[in-house]
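Asks: When you get a sec, could you build the whole thing from the sequences and use the hints?
Quick note: the sequence shown uses full-length UniProt numbering, first residue 1, plus one each step.
Please note that a few of the clues may not be correct.
Said to hold, decoys possible - Derived DEER-like restraints, expressed as beta-carbon distance ranges:
no.: 1; residue 1: 40; residue 2: 3; range: 18 to 24 Å
no.: 2; residue 1: 115; residue 2: 7; range: 40 to 46 Å
no.: 3; residue 1: 19; residue 2: 94; range: 39 to 45 Å
no.: 4; residue 1: 94; residue 2: 211; range: 31 to 37 Å
no.: 5; residue 1: 94; residue 2: 68; range: 26 to 32 Å
no.: 6; residue 1: 97; residue 2: 152; range: 17 to 23 Å
Stated by the list, open to error - SDA-like, lysine to any residue: derived pairs with alpha carbons at most 20 Å apart:
no.: 7; residue 1: 79; residue 2: 54
no.: 8; residue 1: 87; residue 2: 158
no.: 9; residue 1: 145; residue 2: 158
no.: 10; residue 1: 145; residue 2: 213
no.: 11; residue 1: 111; residue 2: 87
no.: 12; residue 1: 23; residue 2: 111
no.: 13; residue 1: 79; residue 2: 100
The hints are simulated quantities; they were obtained by calculation from the structure and are not laboratory data.
Just so it is clear, CB atoms sit at the ideal spot from N, CA and C, and this is done for glycine as well.
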Amino acid sequence: VARQAGEVMKKVKESGKLDAKDKYVGPSSDQGTLTDPVTIADVESQRLIEHSLLTAFPGITVIGEEGKLEPGGEIYAPKLDLLGDEKFPSMYASIPASDITVWVDPLDGTKSFIMGNLEVVTCLIGISVRGTATAGVIYYPWRDKLVWGVVGHGIGGDLASLSTLEPRGRRSSVCWFAELEKLKKYAYAALKTPVGSITGTGSAGNMIMKVRLGLCMLMRIASVPPHGPTNDAR
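Replies: Following this line, the structure appears as structure tokens:
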């Protein structure tokens, strides 16, 4: 279903009609100034994920970043046999639907999506059971690469091929639209060692994958702490 949501994103991007606006401010003539942007691609990809999963698995709870959405448009029937050869722990054999919550960030990296930096855009789907994080999916629509993980089982998907997409240079910390030079000072102070370059990337999912692949030594989300270096670089 993450792949299908990726197709929704691509169609919207190709159309050029993003309908971008700030979640808390509204439309802006300068899309580069949007602080917390949302586009029609965010909404429609979540709508597909949310109602496809609710149709396939009645009784689960789906919580999406764009709020609760009414059904509409395409409903995709998820393929339930994609991991048929995997041997999952027995504790996952029978879980009541009411115990399952699916968390959806349908288009992670909306600002990058708007500005055309599509390689870092991801679709994130997480699963919790009785409030405990249990499984998740990270999908790169424009790379067509997907990685999944299950607690107690491991990681699968396109992890190996993702590791070949970027050279392994000196490790860096990754920040998310922060003030890069100021952050470097705090990162050095917190880690007490040079961390190489500090780069910006527009997707939390992409940052997680960079750390997992060993391309970066840490990730730091948000802006520089006003109170100086503590344990904020993590």
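Asks: Which of the listed hints are broken here?
Replies: Hint check: 2 and 11 fail, others pass.
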